[in-house]
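Participant: So the chains spell out like this:
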Amino acid sequence: MTWLTGLPEAESDWDRLAALSPDAVGALSDVVVAAWDDTDPLLLELARLRIATLLGHRGEQARRSERARVMGLGEEKLAELAAWPTSPQFDARERACLALTEQFVVDANGVTDELVADVTEHLGGVGCYAFVEAVSVVETFQRACLVLGIDDAPGVDELAAGRGPAPEEVT
Amino acid sequence: MKPRIPLPSDAVNELGLADTSGLAPRIAVARQQLRRTAFRMRSVDPVTTELVRIRNARFQQCVF
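As you go down the protein sequences, you meet chains A and B in turn. The first sequence begins at 1 in this note's numbering and counts up by one. The second sequence begins at 1 in this note's numbering and counts up by one.
Quick caveat, the hints were computed from the structure, so don't treat them as lab data. Ideal Cβ placement from N, Cα and C applies to all residues, glycine included. Incorrect hints may have been included.
[As the list claims (entries may be wrong)] Now the stretches of chain B that chain A is said to cover, found in silico as 3 or more residues with beta-carbon under 8 Å:
(1) 6-17
(2) 34-42
[What the hints assert, rightly or not] Below, a sample of chain A positions facing chain B; criterion: calculated Cβ distance under 7 Å:
(3) D30
(4) L115
(5) G125
(6) C128
[What the hints assert, rightly or not] Not the full set, but computed from the structure, chain B residues with beta-carbon under 7 Å of chain A:
(7) R26
(8) I27
(9) P46
(10) A57
Please construct the entire structure, taking both the sequences and the accompanying hints into account.
Facilitator: Now the structure itself:
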C-alpha cells in the first residue's frame, strides 16, 4: 500500500495516483506501452521478470505478459529464469539480453563493450538500442512503483487496453 | 563518445551526440511527451530539480 497521503478515492493505489495526476500517469503509461511496442515482447518479458527479482518487486514477479505468452513464453521456461546462464531453456540470444539487463540494473556503468556486442550480434544495432531503451523504461517504472509503494500498477496489457491514441510528435 | 552499436547514419544531434531519434521511434515520442508533461507540472521547484539532475548525472558518470 502506498504511503502517499491526500490521494483521491479510487479502487486501487494506481487509480488513486492516476486521479491525482492524470496527465503524468497517462504519459508514463504511454512510455511503458511504447517500450513493448518497440521491442520483442518475449525478450522484454524475460528482462522484466529478471528485473523484478533483482529489485524484489513481488507484484511484477507475479504478473505475466499476454504479449509474451502468445509468443510461446510459458511457465516451464520462467521457472528456470534464475538459472538462465546454464539452463538449456535459454538460447544465446536470450542469454545475451539477460546478461546485459542484469548488469544494467545492478550498475549501468559496468556495462561492457562485450555485453553490448553480444546483444548486437543477435538483435543488430537498432534492435540493441530499442532493447536497452525498453529495459530502461521497465526498470524505471518498477523502481518508481517500489519507491511510491504502488503494488498494483497495471501491466502493459492493461495499460495498452486503457490508453487513448498514441502521443503525437509536438513541434 | 564512440557509439557501441552500429548506427544507420553518422548524423549527430544538437549536443553533438549520435542521432538515435529514429531507432526506437515510439519510445522516443512517448519519452518526449512525458518530459513535457513533467515540465508543465512545476510541482518541484527548479533548484531541487536541477540539483537532482546534476547529482544523478555525476552518479551515472554522464558528462552531458
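Participant: For every hint, state whether the structure bears it out.
Facilitator: The hints, checked one at a time:
1. 6-17: Held - the stretch 6-17 of chain B has 3 residues with a Cβ nearer than 8 Å to chain A, which meets the minimum of three.
2. 34-42: holds (count 6)
3. D30: Since chain B brings a Cβ to about 4 Å from D30 of chain A, closer than 7 Å, the hint holds.
4. L115: violated (9 Å)
5. G125: For G125 of chain A, the interface hint holds, since the closest Cβ of chain B sits about 4 Å away, which is under 7 Å.
6. C128: Given a least distance of 5 Å, the restraint on C128 of chain A holds.
7. R26: Result: holds, 4 Å to nearest chain A Cβ.
8. I27: holds (5 Å)
9. P46: Since the shortest Cβ distance to chain A is 17 Å, the answer is violated.
10. A57: violated (12 Å)
Hint check: violations occur at hints 4, 9 and 10; the rest are consistent with the structure.
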